[in-house]
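**Q** Using the hints provided, position chain B relative to the given structure of chain A.
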Amino acid sequence: MTAAGILYILVYFVVLFAITKPLGLFMAHVFEGERTFLHPLLRPLERLIYRLAGIHEGAEQRWTQYTASVLAFSLVSFLFVYVIQRLQGFLPLNPMGFSTHHAPANATPMTPDLAFNTAISFMTNTNWQAYGGETTLSYFVQMTALTVQNFVSAAAGIAVAIALIRGFARKQAKSIGNFWVDLTRATLYVLLPLCFVFALFLCARGVPQTLKAYVQAHTLQGPTQTIAVGPVASQEAIKMLGTNGGGFFNTNSAHPFENPTPDTNFFEMLAILAISSGLTYTFGNMVGDTRQGWALFAAMLIMAVAGAFICYRAEAGGNPILAKLGVETTATRNQPGGNMEGKEVRFGIASSALWATATTDASNGSVNSMHDSYTPIGGLVPMFNLQTDEVIFGGVGSGLYGMLLYAIVGVFIAGLMVGRTPEYLGKKIQQKEVKMAMVAVIATAFSILAFTGISSVARFKKNGYWNPPGAATANLANSGPHGFSEILYTYTSQTEDNGSAFAGIDVNTPWYNLTGSLAMLLGRFLFIIPSLAIAGALAEKKKVPVTSGTLPTHGALFVGLLIATVIVVGALTFFPALALGPIVEYYLMHSGKLFASLMRSAAA
Amino acid sequence: MTTTANPSQVLDDSTTLIPKKLVRARSLFDPEIVGRALKASFGKLNPVTLLKNPVIFVVEVGAALTSLFLLRDAFAGGRALGFQLQVALWLWFTVLFANFAEAMAEARGKAQADTLRKTKTDSIAKRIGSGARIETVAASQLRVGDLVICETGDTIPGDGEIIQGIATVDESVITGESAPVIREAGGDRSAVTGGTKVLSDRIKIKITSNPGETFLDRMIALVEGAERQKTPNEIALNILIAGLTIIFLLAVVTLVPFADYSVKSAGAGSIPSVAVLVSLLVCLIPTTIGGLLSAIGIAGMDRVMQHNVLAMSGKAVEASGDVDTLLLDKTGTITLGNRQATEFIPATGVTEEELADAAQLSSLADETPEGRSIVILAKQKYNLRGRDVSQQEARFIPFSAYTRMSGVDLDGRMLRKGATDAIVKFVQEQGGKVSQDLTEASERIARVGGTPLAVADGSKVLGIVHLKDIVKGGMKERLAQLRAMGIRSVMITGDNPLTAAAIAQEAGVDDFLAQATPKDKMDYIKREQAQARLVAMTGDGTNDAPALAQADVGVAMNTGTMAAKEAGNMVDLDSNPTKLLEIVAIGKQLLITRGALTTFSITNDVSKYFAIIPAMFVTTYPALNQLNIMHLHSPQSAVLAAVIFNALIIVALVPLALRGVTYRPQSAAAMLRRNLWIYGLGGFIAPFPCIWMIDRLLGFLHLA
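These protein sequence lines are chains A and B, in that order.
Going by my numbering, the first sequence opens with residue 17, and the numbers climb by one from there.
Going by my numbering, the second sequence opens with residue 29, and the numbers climb by one from there.
Hints were generated in silico from the structure; no laboratory data involved.
Treat the hints with caution; some may be incorrect.
[As the list claims (entries may be wrong)] In silico PhoX-like pairs for lysine-lysine, Cα to Cα no more than 25 Å straight-line:
1. B:K292 - A:K478
2. A:K451 - B:K554
3. A:K559 - B:K343
4. A:K340 - A:K609
5. A:K477 - B:K292
6. B:K258 - B:K67
7. B:K72 - B:K138
8. B:K554 - A:K190
9. A:K448 - B:K80
10. B:K554 - A:K187
11. A:K190 - A:K559
12. B:K292 - A:K451
13. A:K558 - B:K343
Just chain A, with the same shape it has in the complex (with noise of 0.2 Å):
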């Protein structure tokens, strides 16, 4: 580790912390519905967008109709999206002819699983992409499908988790909001606004914003080469925003016209967690006390900060086996020692080591350097954080809600050593919110777990429709415990909505791509329909008022009850998988063996 990278890495969570208060009371002010300096140049919009879908802005939902609200849009917008990709031959803005018959060579066609998987992926805010958008998706594709998504889909989580919030502030009511007025507001006052100046600034760096064919550029060496480009900046910005994470480009952040210079970098990862921060703020300020917000916004930048040396440490630390052969892997002026392989020159470890980091913080899921090269133990961290259900700032509202889950399960086993019926926010937490947040755990294990296994045993017939013949496993770039990281990355990634890849593994077969949809629907709704079903039943509850009886939940002893909760839940669970992954890895690593790669497929 160099004191550079160190204090690269304290400077982006000291602005992380920064920007919290102003971003969370913002959002306070727009979903309580009051008046922002917004408001002139918004609000006739909103207006206007109320008058034309038919929605009454005063007339709240119960938990069950706003999920149903949820679910209901969910169903459309997936719709949209499968229709949109399997459309797009026919469809214009496609300069690359995509689906059609004058495609490039190299193009991935759009088959219905293809279809199916990023219909699912993009409404589920998961972006996971089974394909390189710059050789399979047309512009019209990536701007009508896609970058709708990635603002709707973030701004439904964004809706979910203030429902939630509301269930706490409120007391003795019935409905928690309406779904329609706060994924309206979630687009328009914070999505729209935010998107509309960072791809500004994104474009003035150089990040592409056309609508023109690839460009066809002579090399020097005397071949043509194609050089990808499109509506990029429009989508870079809410795809780093909106922890959406699904790139233009094959990859992600890692491209230069999506991440072109070391501002952008910052800025990249900065919006990575902005919301998601400012979210915390938000929910002190509607439950009325400030404190309550700072609570889960410590637990969160703590095991933000811890992930992110640790991962740094291992990346800088490098491999000890190049470094048994001579090989210098010690930082100087000259080099950045550590492991180099899989990341960009232009960042460097602690750049890419802290955005590993963030991108498995939130469900975003975009990288800079691609996490199968990570050693071990740099691999593992990003793998645990999407194994705490990303609840470390988490994805925009799913963080936030997934916390709450976890809060609720931490304040029930430890608020009974206080000798009371546990509460929280002076909400008594009983038999139904526990229920639903097991519900919410139990759901996410089942799927990575499940599905990984699976996967790592399943075996297929010879022209079989669902992968090539011969085992699942044979779609992996590698052996032993790294090849068994490659699954259980996938699915853990798709469950938990990231959709970061680890990559090395061919997933785009009519398997993984299934399994992944449902792995990825599994890990959405079954954490909405839990948090919107807790929210409805808090919301009825009275509030208890506080006294020198009441757990406090907003001091240190809270802080670090949280954190505990989360990570031995997470360690619990999936402990024998990463035993067999990346820690037995790890152990061998340091003993000289290393996993060759089977190179069946190109990498993915």
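**A** Leaving out everything else, chain B in the frame of chain A:
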């Protein structure tokens, strides 16, 4: 039910003055109870009954599975039979230990119920039949509405209400307290309980419950735990641990394909055996709390019982831990039920010393605290020594419910003390007159919250003794403790607001309700509940019944009316309203014990992973042995040590579950910090040395 009451024995029982508590204090491991529990542990192996405890049910299924594979391997000549046998045995032990914990808690109740049942005898009732003819029938034939007569020496045949007469009754069967109590028709002391005995006088009783539904029957059922239902918090906790069990089931079951991949990929080792997989599962699922959860609940009710309080449901005990507001009756709870003499106010023409002398004389034989306090005050103030009046011609007049006076006839003097109106009546009967200043003085005393006690010598009124409410010693500290725990105390009194304020301040209550009518009380409770506060109260009169029913925890005094007892969710057999504070503490202790053992159970798991995971994969990935930080000497002993620890910790924690964790009144933050250290961190660290030691022992004994 078959033995007939033996009158002489009944009398013998009631005349012994040794107080006999309802619940015999038994040591935790009373041999009789342990014996019962051991037997019951095996009965509970029935999987159908075990289903209600999902965690232990999973252990049983695992044990059965391991046994089956053991048998298969024994016949097929498989290897590692000794290891499999040991694992299977310890898994069965785990189930038995969990059963034992529950059986222990239940056995205590059952033993007590048996004791109670023995006292229940089928007595003979003197029923007033048609035409006012008294017929003798068995008590079991009585129905609601029947009228019966009970005379001296009779056992009251069923629960009822006195409609005529007054009697002293021995209620030791119910309360364990041998001092007789007075029961009379009308008012709040009219209820009698079946099984108690009339010691004097004759009463007519209207039966209010059918056989099998009497208070004693209900009491036996409650003590026995026959109708025990899971409490809301227990259900929520059960959901949590069942959820954790599902998660660990997933983690262990998916380990099979993971292992399959790893074994193929490494080209070494084999998939872990069923015995090892089940061992890992059982070690991970929260067996500690799963095994002890119901024992904790039963023991909580049992602890309430040991305080001579009968809780109608576990829910009530649990709710008492949640109480935010305590409504405390002033008299008997905050102040000593007995007022103490603080001042002598002579009538005109009488000196203070004369009054003190007469008051002392009239109180010499009065063993009530009020009487004693008069003797002491006279001695302190006027140096009047208590005289030995036994040699003189003295005839003591004891207090009676009819006269409401007591006193002494001495040397021709008729000294009396008593309620002002009673003395006024007495003096007027003697032909004397009562001056205005007597009533004025007594009114003045009443205004400041005192009780006036008039003293007369024949036809002459001597003056008034001021009896004052004395706040119970230590009450202020206890109320301060409550406040530290976030519980508000509210004093309920019939006094005027001025007096109430004075006493409230002296006792340090948070609020008071003066000149409280039953409606005021009810409104206060509803107001508190509207603010999401849980309210506890005590009460005894029929007037209290609606409030007792409304309160979240309503403790009825056993001396109270049937209506009050029906309305409350607890009955204090000692009729001691201060006990509310203990009940709150027991409720809290119950919840804390659950939380502590759950935390302990979960944090325990970390060590078990470090024992079992390296052992499982040592042949596939020898490098994983670096996770064996306890340096357990072989894979088999590592697995066994973890399983044995997991089983033994259940037994080791039975006393804690039954007794409850140490509880000190302190703020929630302090309590959480303390318990997190002990049960969170303790639960994390403790297993490491224990598993290590068991491993060494297994090696030493050549068991693995």
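**Q** A separate judgement is required for each hint: does it hold in the structure or not?
**A** Hint check results:
1. B:K292 - A:K478: Within the cut-off at roughly 21 Å; holds.
2. A:K451 - B:K554: violated, 30 Å
3. A:K559 - B:K343: holds, 21 Å
4. A:K340 - A:K609: holds, 12 Å
5. A:K477 - B:K292: Holds: K477 of chain A and K292 of chain B sit about 20 Å apart, inside 25 Å.
6. B:K258 - B:K67: Holds, at roughly 24 Å.
7. B:K72 - B:K138: Cα-Cα ~16 Å, so holds.
8. B:K554 - A:K190: Distance of about 22 Å is within 25 Å: holds.
9. A:K448 - B:K80: holds, 19 Å
10. B:K554 - A:K187: Holds. K554 of chain B to K187 of chain A sits at ~17 Å (cutoff 25 Å).
11. A:K190 - A:K559: holds, 14 Å
12. B:K292 - A:K451: Distance of about 39 Å is beyond 25 Å: violated.
13. A:K558 - B:K343: holds, 20 Å
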